[in-house]
Amino acid sequence: MRRRALHCLVGCIAVLLPVCSSAAMDSLLRIGNGPEPESLDPQRMSSVSALNIARDLGEGLTRIAADGRVLPAAAQGWQIADGGRRYTFELRDHLHWSNGEALTASDFVDGLRRAVDPATGSPFAQLLSPIANADAITGGKAPVSMLAAWALSPTRLQILLKQPTPYFPSLLAHPVSFPVYGPALARYGRGFARPGRLVSNGAYQLVDWQVQAQVELRRNAHYWDDADTHIDRVQYLPTDDIASELQRYRANEIDVSSEIPLVQAPALRTQFGAQLHVAPYLGSYYYGFNVQQPPFAGRRDLRLALSLAIDRELIVDKVMNGLALPAYGWVPPGVADYRAQSPAWASWSRQKSVSEAKRLYAACGYSKDRPLRIELRYNTHDDHKRIATVIAAMWKQTLGVETSLINEENKVFLAQRRLRRITQVFRASWIGDYDDPSSFLDVLTARNGRNDMGWHDQTYDALIDSAAQQADPRRRAALLERAERRAVDDMPFIPIYWYVSKHLVKPRVRGWHDNLLDVHYSKDLRLDDPAD
Amino acid sequence: MLAFALRRLFAALPTLFVLLTLAFFMMRAAPGGPFDSERSLPPQIEAALRSEYQLDAPLWRQYLNYVEAVLHGDLGPSFQYEGYRVSELIAAGLPVSLALGVCALLLALLVGGAIGVLAARRPGSVLDHLLMNLALLGVSVPNYVVAPLLILLFAIVLGCLPAGGWRHRDYADMVLPVVALALPQIAYIARLLRASLIDALAMPYLRTARAKGLPEHLLIFRHALRPALLPVISHLGPATAGLMTGSVVVEQIFGIPGLGRYFVQAALNRDYTLVLGVVLLYGALILAFNFVVDLLYGALDPRLRRT
Chain A
1 MRRRALHCLV
11 GCIAVLLPVC
21 SSAAMDSLLR
31 IGNGPEPESL
41 DPQRMSSVSA
51 LNIARDLGEG
61 LTRIAADGRV
71 LPAAAQGWQI
81 ADGGRRYTFE
91 LRDHLHWSNG
101 EALTASDFVD
111 GLRRAVDPAT
121 GSPFAQLLSP
131 IANADAITGG
141 KAPVSMLAAW
151 ALSPTRLQIL
161 LKQPTPYFPS
171 LLAHPVSFPV
181 YGPALARYGR
191 GFARPGRLVS
201 NGAYQLVDWQ
211 VQAQVELRRN
221 AHYWDDADTH
231 IDRVQYLPTD
241 DIASELQRYR
251 ANEIDVSSEI
261 PLVQAPALRT
271 QFGAQLHVAP
281 YLGSYYYGFN
291 VQQPPFAGRR
301 DLRLALSLAI
311 DRELIVDKVM
321 NGLALPAYGW
331 VPPGVADYRA
341 QSPAWASWSR
351 QKSVSEAKRL
361 YAACGYSKDR
371 PLRIELRYNT
381 HDDHKRIATV
391 IAAMWKQTLG
401 VETSLINEEN
411 KVFLAQRRLR
421 RITQVFRASW
431 IGDYDDPSSF
441 LDVLTARNGR
451 NDMGWHDQTY
461 DALIDSAAQQ
471 ADPRRRAALL
481 ERAERRAVDD
491 MPFIPIYWYV
501 SKHLVKPRVR
511 GWHDNLLDVH
521 YSKDLRLDDP
531 AD
Chain B
1001 MLAFALRRLF
1011 AALPTLFVLL
1021 TLAFFMMRAA
1031 PGGPFDSERS
1041 LPPQIEAALR
1051 SEYQLDAPLW
1061 RQYLNYVEAV
1071 LHGDLGPSFQ
1081 YEGYRVSELI
1091 AAGLPVSLAL
1101 GVCALLLALL
1111 VGGAIGVLAA
1121 RRPGSVLDHL
1131 LMNLALLGVS
1141 VPNYVVAPLL
1151 ILLFAIVLGC
1161 LPAGGWRHRD
1171 YADMVLPVVA
1181 LALPQIAYIA
1191 RLLRASLIDA
1201 LAMPYLRTAR
1211 AKGLPEHLLI
1221 FRHALRPALL
1231 PVISHLGPAT
1241 AGLMTGSVVV
1251 EQIFGIPGLG
1261 RYFVQAALNR
1271 DYTLVLGVVL
1281 LYGALILAFN
1291 FVVDLLYGAL
1301 DPRLRRT
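These protein sequence lines map, in sequence, to chains A and B. With the working numbering applied, the first sequence covers 1 to 532. With the working numbering applied, the second sequence covers 1001 to 1307.
Chain A with its partners taken away, still in its complex shape (with noise of 0.2 Å):
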């Protein structure tokens, strides 16, 4: 009887040996990742957390370093002719999709055509907007058949724009260009993209997704550069509350959180040094003026007035921690081949500022016995209450100015603005799509769906069309840093800050570079030693 159980538990350690070895070989990354991404269809999805898991999902024809250089992915290389207008990849040999079946180039071509039909819904269509064609399309005025992309053969693509984009070979890289597995969609449609169901040609598979738990990726075998892959599975972990996922980077069980409490800042960079990664990021948050409704329409000097009576570095500095840079301008420092603007009062002391302010809310017949009622909205959350309730004080104590504070719910909010019928100042923010001027440039043109501030101004919108006609990039620059000086001077908004990248990242993750766009491919990235 004792020889049969000892028989037995030698059996039971024989076959799980190999399971057990197998699992312990297995290097783990635990990513932190924000809210839970509301689809893994690359044409469909639109949060920042979708996004990441997207490009460790597939691949474009171009990718982004760390240092913000446009470097070839699944393309191997690229020609430019036509004056900038036509593009011709060239694809790496031996491409294939994670079920092992050869990809080519009409996969791409088949992605970016899904991307434009106004069928599929979605959300970054327009950033396909520089290939021919695209906005016809997108409008419902053209068959998808006539987007001007085409596959030359199985390797070759050609990609006409209408104009020339310097920066089309970074929107490449976004996963709304991302192929098509086309067998997958057909038979699933909409559900095509879950475990089981999708098939995908980047660096990892996805083979686990249990919603609100999290997201399970393992390394692709058929991936093109799997040799330098190092990471075998990759999880990312919803993680809403910040708090929690604090808590859980303690408890060594996240590799990489995707925020940190602004609040609990400085005690962090004390507790974890270099762990802290604080970085700039393509994000401004500002408050808009509806400048279609009084008492703001038509009046610049009182706009100017409660934007020189903020003090952006107190703001930065006191409220969030020194987890911002103070904005003056309307794009953030360091887009390539730009130079941000920025008001010539951006360097004047506070002093020199708040006696300006206060020479204009006088001259727009305001003072303190005949006070500026205006009213604040914001989406409820702690860090916009805490910034209103500063900012309000600010303007009260240097000018006088009566500020009623709203805060409303995300969707009531939103939908106030679009409307904008009851906002007078709101707050709001824009977090670019890609390094270049035009991702924040073109939100203030009158033809733009989020222009919610109602600004309309013909000079502006002339110039940033000049500019997508300039073929050369210091022209079009100049012309682009002219249309930003005009948006400032005018001042429909009031910047505030600049956003920063802001992350724990354990000394075991190796390969970590911040960089503007906070794109982090895990493919890049090795662990020291490996998790369970």
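Think of the hints as simulated: they come from the structure by calculation, not from any bench. Each hint can be trusted.
Estimated spans, in silico, between C-beta atoms of each pair:
1. A:A279 / B:T1021: 48 to 54 Å
2. B:A1057 / A:N252: 50 to 56 Å
3. A:P294 / B:L1136: 51 to 57 Å
4. B:L1136 / A:A65: 55 to 61 Å
5. A:Q292 / B:M1026: 29 to 35 Å
6. B:L1152 / A:A393: 31 to 37 Å
7. B:V1141 / A:A279: 35 to 41 Å
8. B:L1153 / A:E409: 31 to 37 Å
9. A:R418 / B:L1130: 57 to 63 Å
10. B:A1057 / A:S466: 42 to 48 Å
Positions of the beta carbon are idealized from the N, C-alpha and C atoms, including for glycine.
Please build the complex by placing chain B on the supplied structure of chain A, with the hints as guidance.
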């Protein structure tokens, strides 16, 4: 009893229907829609999305379509989670919330019941004061304070339990959330049971039994506990439904994929169908547990069966 059960069942259906109708129109009355975001969509794309989710039809038509689908067992597609049906999401979240809820309920009944009985045996004693003050603390301190403290102690300082997540599906993941969920219920049950047990022990028939020399444990467990459990049972109906449909705070803090989290995220993202699906489930569970409470009432107090 069967007639009673059938009567309650038929009474529950119109209640659920009214609940569904109210929830449908209240969700639609809320400003903002599922496709509002910081990034605006081109009109044609927004129109395509509205058409895909049948939001372009008149509201009354959408309502009728939804009711018809629900009657056929289809809760519709989720707006928030691309490619998922609401029934799939509920099927994924409900077992998690159920597992936590059942464990928390059992823990609360065991510990809360024991504390209540201990305190009621010697009202006014040092032990009674100590236990009731602890219970008061348990009722007063909210989950969002208790949960991080538990994480700090057991996950970070002692390092013996996970700080959060539901990755391994092992029992260790459940311990801290179950304790955090159960603590307020333990306190509440202890206070309820103590009060009602003291009242029951003062009843003339129990004084007589005590005078006749019936041992204390028989007095309590055989005679006093049954009537004393009635207020606890009343509390347990909605409390059980609440525990089993998930606690938003606990699920959020521990990163647990339960129904409570779905519900809040869905409401904030205007995921109409997911909100309605969870409301329907929540309503059905409350009605079901209230029905069970009524049956238990009858079992514990025969006088109530006649009314």
